[in-house]
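Protein chains in written order, with our numbering: chain A, 463 to 764; chain B, 463 to 764; chain C, 463 to 764; chain D, 463 to 764; chain E, 463 to 764; chain F, 463 to 764.
If you're looking for bench data, these hints aren't it; they were derived computationally from the structure. Careful: at least some of the hints might be erroneous.
You can't tell identical chains apart in this list, so a pair holds if it fits in one copy or across any two.
[Stated by the list, open to error] Computed cross-link-like contacts, DSSO-like style, restricted to lysine-lysine with a CA-CA straight-line distance of at most 27 Å:
id : residue 1 : residue 2
1  : K734      : K473
2  : K505      : K725
3  : K536      : K587
4  : K639      : K508
5  : K505      : K639
6  : K639      : K725
7  : K686      : K666
8  : K521      : K764
9  : K473      : K639
10 : K764      : K666
11 : K639      : K521
12 : K666      : K473
13 : K473      : K536
14 : K473      : K686
15 : K686      : K639
16 : K536      : K639
17 : K521      : K725
Fair warning: this is a prediction, and the values are worked out from it, not measured in the lab.
6 protein chains.
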Amino acid sequence: MPERVAYINGKMVPESQATVSIFDRGFLFGDVGYDVGRTFAHKPFKLEAHTARLLRTLKYMRIDPGLSAQEISKLSLQVIEANLPLLDSQEDYTFHQRVSRGLYTTDNPLAGGPATVILYCQPVKFASFARGYTEGIHLVTPSVRRTPPQCIDPRVKIHNKANHILADIEAKLVDPKAYSLMLDVNGHLAENSSANVFLVREGKLLTPGKLFVLEGISREMVFKLARDLGIPIEEGELTPYDLYMAEEAFLTTTSPCILPASKVNGVPLPRKVPGPITQKLLSAWSALVGVDIVQQALRHLK
Amino acid sequence: MPERVAYINGKMVPESQATVSIFDRGFLFGDVGYDVGRTFAHKPFKLEAHTARLLRTLKYMRIDPGLSAQEISKLSLQVIEANLPLLDSQEDYTFHQRVSRGLYTTDNPLAGGPATVILYCQPVKFASFARGYTEGIHLVTPSVRRTPPQCIDPRVKIHNKANHILADIEAKLVDPKAYSLMLDVNGHLAENSSANVFLVREGKLLTPGKLFVLEGISREMVFKLARDLGIPIEEGELTPYDLYMAEEAFLTTTSPCILPASKVNGVPLPRKVPGPITQKLLSAWSALVGVDIVQQALRHLK
Amino acid sequence: MPERVAYINGKMVPESQATVSIFDRGFLFGDVGYDVGRTFAHKPFKLEAHTARLLRTLKYMRIDPGLSAQEISKLSLQVIEANLPLLDSQEDYTFHQRVSRGLYTTDNPLAGGPATVILYCQPVKFASFARGYTEGIHLVTPSVRRTPPQCIDPRVKIHNKANHILADIEAKLVDPKAYSLMLDVNGHLAENSSANVFLVREGKLLTPGKLFVLEGISREMVFKLARDLGIPIEEGELTPYDLYMAEEAFLTTTSPCILPASKVNGVPLPRKVPGPITQKLLSAWSALVGVDIVQQALRHLK
Amino acid sequence: MPERVAYINGKMVPESQATVSIFDRGFLFGDVGYDVGRTFAHKPFKLEAHTARLLRTLKYMRIDPGLSAQEISKLSLQVIEANLPLLDSQEDYTFHQRVSRGLYTTDNPLAGGPATVILYCQPVKFASFARGYTEGIHLVTPSVRRTPPQCIDPRVKIHNKANHILADIEAKLVDPKAYSLMLDVNGHLAENSSANVFLVREGKLLTPGKLFVLEGISREMVFKLARDLGIPIEEGELTPYDLYMAEEAFLTTTSPCILPASKVNGVPLPRKVPGPITQKLLSAWSALVGVDIVQQALRHLK
Amino acid sequence: MPERVAYINGKMVPESQATVSIFDRGFLFGDVGYDVGRTFAHKPFKLEAHTARLLRTLKYMRIDPGLSAQEISKLSLQVIEANLPLLDSQEDYTFHQRVSRGLYTTDNPLAGGPATVILYCQPVKFASFARGYTEGIHLVTPSVRRTPPQCIDPRVKIHNKANHILADIEAKLVDPKAYSLMLDVNGHLAENSSANVFLVREGKLLTPGKLFVLEGISREMVFKLARDLGIPIEEGELTPYDLYMAEEAFLTTTSPCILPASKVNGVPLPRKVPGPITQKLLSAWSALVGVDIVQQALRHLK
Amino acid sequence: MPERVAYINGKMVPESQATVSIFDRGFLFGDVGYDVGRTFAHKPFKLEAHTARLLRTLKYMRIDPGLSAQEISKLSLQVIEANLPLLDSQEDYTFHQRVSRGLYTTDNPLAGGPATVILYCQPVKFASFARGYTEGIHLVTPSVRRTPPQCIDPRVKIHNKANHILADIEAKLVDPKAYSLMLDVNGHLAENSSANVFLVREGKLLTPGKLFVLEGISREMVFKLARDLGIPIEEGELTPYDLYMAEEAFLTTTSPCILPASKVNGVPLPRKVPGPITQKLLSAWSALVGVDIVQQALRHLK
């Protein structure tokens, strides 16, 4: 059976042989900057933006990828194209860019290298989130707090996910299908382990400020779409109180784009999902990418 | 040329072929509990204590290793023994135990598995720290703070090292040979990226309390040796002020056991290294393990 | 049918007529200091200690009860005695002391009064917690944090329970039978909404220091019993990590005395409840009060 | 003599008989959501807004009032109307809405109920604050900090007032007529125990952001009036420095609407009260409600 | 040789005789409010703004200068004019205003006085910063945090500089020519020991909000110039991440006006200094004051 | 009239001529380490301990005094002896050691110097505190918090007293004779602006831990005397609750040694001052130094 290929340090290898040494800092320390985008109708969406954010992460981590932004984007594209023949026409890919500092040869992070560059793609896991569009997801605030910027800046995407994993574990105790909504060390709303959160209150979109959350590309899409649609949007400190009072709420992230919530910590939100503003954003996003985002996902349910 | 072997999920493989899939959560998320011990005169030191601590980490992370403590210790021993023939009589090994949650197949951390179990050993890198015994090391407090326990408990050993890496990078800006000494979010002394710190003041050993530091096995050795030697020892909150006022200071960790400091943030400590109390501890430790810890390392210089 | 009586401001009234004005500060602001003890074999246990703690709370709140400690204890005793005829011989009472600042007549809390003094007793609700002795309870850490001492000192017992109520609500989302174990604003272990927590690790009893927890009279009993039994006991900062690593854990509070835990955030504790140290404490407590604490409760099941 | 009546759980009772059971959670735990509005010229002002905020509080507390917003507003109106005959034409009422979770029958806050609903009205206490309009009030920052949102959200109005009471006590130590101005846990300006604060600096109105203060309906009135009057207004973090530098400052709350300050922690503010911007707001508010707010109050002095 | 004169409490004295008593609170406690401005082409720049800020500081400290703003400005002008004859035409002066609470005669800060008023001027030290315009400066974040507003408001200029001094010492360890960029207690960007920081990102100017930084007069100039030039400007919370991602960065303070950065914690900024936006601001500032700010400084090199 | 002399940089000068340049960093930045001791019966008490603490402060501040500990002690002694002839036999001196970094010639604190060394003595101001022994002092907790160790370590004695001055100002608002008792940033008890605090509760002495307080030499005396007298003593976190519950409380500092409190935030302490434990300590201290500490002070009243 034909197999997808991945790019590792200059070579295309079948996924089943795509590995890193156990002595790679990527494995040993999670010392990896990464980014993940997706295709719509088989075309990569905002590839340059993802590559740019990857380079910001790497700069913060002082990891030198040994490749320019153009080279990384070009290679990412080649990986997608190499794998498109294996993709059903109704499906789409996520594309992954991961750059480790390289083999562990010294304790001085500034002296390591060369980097280990890994690029691959995976079918979007529609079945894992499709039901969220119709039933709404359950947001749960765990007791574990989001790591503060003075320790590691939440705006960088790195392979250090223990904080998020602990949060997800706690959320799943409340409801196996729950999504965590982490609070920051002040107890303000922060983010899901791999998504940003938005609320609707009195017709306005509200979202936590940037300090405790990822600089999400999907988050920026919501800003752009909201501006285009004339929906007022405010960024700032929010607390669980705002969550309970929301008329609508949703997560936004690469694969599902927008995932509406129907419950927060067991308290139902007042509007049937997707609420009117969530729906407008989903429709505008679908229009922009030429794919009915919800329908594409729902086809995977049966 | 003969090559060391590593244990990966039931198989012994040459190190050059010791890899993990790029789809392993160990690589993708740093979702790995680990531990590292060393041998003295080719005998593993406190292997059971290391395995026990590994299991504590895994319990906290809800990673099921699929093996009992006895099995892990036994396998660790087999790995050491399999590699001893390649070790010079003057050398020693560190032994490594690393357990990842396994392949990434679901977003629910409680539903993953089976674990990826990796065991291997490496020659102690004496040359990298030997000069510290005679010249003393330089401790530098970076601006990056240690992740607080409400985010991830600093007492677990996991492959999420970005916080430590950022701290090391800042310390190296001051002095390429500096060792970071991180502060916690209150600005109290915490730990080095892979070692605990001790101070001597008015004949007493002082060390930060457990909340922001690793439950170090070397740290416990210092407690034990100090009690045996009648050196008073106190655990509690310390600040950089205590560091500047110290008569002696040292790091303690697996490979070098005890590494005396001669400078803190550019300020020389008053006593020639190793200071008298540091020396007593080093001698007692050497006696206990039947190896002259300092001499073994110094042989690797020049 | 005969009815229990309550003392309100100098009068004994049937419970069904025991009320406070809606203009009482006790109702309007929760401006009430209180304490609750219980009887063992119909004898009040540590009545003077409860009255003394009540007076400490009132002093902190600047509420003048208009009665001395002796008078309050004496009245409490009268209330118990007046109600004993209605108590089955196998049952016991909790006794309640509640002092409000009085009617709301001015915004100046120092100028109000006279106080509203309320004393009554209630049968111990054995059925509500009996199963905990045999099955163990489930401790869950909610995302809501315990109010810090710089806002209101957690050591005073007042009718301001919203913080605890929110915590209990979150814990019940995980498991309707769960007990909350609140964290303080640093994410350290604090207390249950009406009980203190103890852990056993390596044969030692551990419990959070006093700053974020009630000065529990049951907590002090555990200290006393542990000292009598030669069980080492340490008070200090603990985190959820300590909870996960505990060999045993229990809550302690007035009615059940000691309630062993079998699970923490879904993770089973290793020992069958009650663990050996918990059992020793329960036995010693039972011996001290002349009542088999566990058997008395278990009789209320089925 | 005729007496005002209060509504309690479906019945109108004379105030002297308006009571709650001592076993009501409202008394025992301050487990009550409430709201307070006032009439102007005997007409309730923003009744719907008060009811809506009451319902927000109840939702946050998971208290089910068993009545719709319309029903609560309608009943509130009935209570006001029932009591109007007892009100002098120059006087006005505050109206009070208080909903307790009901009798204490279980430790599970989600299982309690039915709620205890209490509605009543009281003459505005003009004499208690009238002198503030001409002399200005004294704002004092106590050492007690406002409870942070991660413990209880300051935006809910509940019968848990101990934090505010402690603050008021400290402020009264400086000056028996002082009003507390609490700081949040970061030392930023928060609120008075029952009012919001505004400053004027360089012609701009400044007020603390929402996170540590009540969502005041009077506060919103000030926003609306300021916008109508073209006075710029900014919401954000303020410190005592801003207070000392203010040209004008005032509290805003239901009964007095706007109460100008003449001193902060003993430091006089530069402008005679009411300052020009404060005066404009007072005039606009008076015009809006058809009552000269200041004159109505001043009539109660002598 | 002729000597500059200083004003001390009503007298003009030669600088070599300008002293304060060792019993002055200014010396004993740093109990001094101060301000520093400069001349451009021998004309004082924004003298009134400096005097006004001085008075704000004194009000916060409850120091009564015994002089009105007009008197202080007038005296400052007299001091400048008295010293101008000693100034080369290419040079300029900084002018200094310093008001101590006066001799230490009582422990009650409210009862002290009269104040000690000191006014003087000094040649701008062009040589000390000129190279920054062409090479760019190195910004380093020390581990010492900026004192928070709940201890002393960072917006007041007082002779308590230990916090800044410790920060500078740490920055100089990295690079003897480095400038400190302090973080606040949350790890957000605050300020240099005597300058404010600005970043350029995506064409926008970003600067930390006012809570942890001085109300800089140069900072306000940058706001004004940016508005005039149509450069968008945002004030808010920033972290070291923003610093690393900046396209341009600069400090702004009295003498150099704007000092561009070329490196942050060892990481080079992408644009050659001064970057285009920095250059625009420098040019506009130069035009405004009729002095080529950069050229004037560069003449002092070699 | 004969005048006391002070030592300044190698010279003895009459106090009326004892000055520092306005360009000294001691004046400009409070960049001074200092210490203050006193004589008993004209003999300096613990002079070496004061000199040693001065040197610790200077080390922390990286100020090089240019003199050894022995030299500083010897010079201090010479200053005392030079001034003894001017001292009445019933009086005593405080002796002062102050070392500034020297003239301000560079922005690099590591490059400055030489230091300005100032030594002098002053009659103990008995009249200012004598009444405290018989009436007890009033302790008041201001809203201003003690600067945390991550900004400047509270254990160093430097001429940066603004934080303490603001606290004293607030305490004096409550009562012109009040003494401030500052809280740390967590709201725990810290210290007075120039004294440490002790409480007595259940026969035990309690005092805040070292992190937010000065390493007081008087504080250490209390520890020593308590140990000699068999009074148990505990160091740790305390809150205002502990203060309100204290049976006795006192400040300890150089001149008065021990100053008993009779009130805290307006709440009277239960025992007449000095309470029995305070009295024991005062008596033991008097015996140790051969001076009746209380009587010596009381002679200055009338």
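Evaluation of the provided hints:
| no. | hint | verdict |
| --- | --- | --- |
| 1 | K734 to K473 | neither (49 Å within a copy, 36 Å between copies) |
| 2 | K505 to K725 | neither (34 Å within a copy, 39 Å between copies) |
| 3 | K536 to K587 | within (25 Å within a copy, 40 Å between copies) |
| 4 | K639 to K508 | neither (29 Å within a copy, 42 Å between copies) |
| 5 | K505 to K639 | neither (30 Å within a copy, 48 Å between copies) |
| 6 | K639 to K725 | both (12 Å within a copy, 21 Å between copies) |
| 7 | K686 to K666 | both (14 Å within a copy, 18 Å between copies) |
| 8 | K521 to K764 | neither (44 Å within a copy, 36 Å between copies) |
| 9 | K473 to K639 | neither (38 Å within a copy, 36 Å between copies) |
| 10 | K764 to K666 | neither (35 Å within a copy, 49 Å between copies) |
| 11 | K639 to K521 | between (36 Å within a copy, 22 Å between copies) |
| 12 | K666 to K473 | neither (48 Å within a copy, 40 Å between copies) |
| 13 | K473 to K536 | within (14 Å within a copy, 38 Å between copies) |
| 14 | K473 to K686 | neither (37 Å within a copy, 52 Å between copies) |
| 15 | K686 to K639 | neither (30 Å within a copy, 43 Å between copies) |
| 16 | K536 to K639 | neither (37 Å within a copy, 39 Å between copies) |
| 17 | K521 to K725 | between (38 Å within a copy, 13 Å between copies) |
When each numbered hint is compared with the structure, violations occur for hints 1, 2, 4, 5, 8, 9, 10, 12, 14, 15 and 16.
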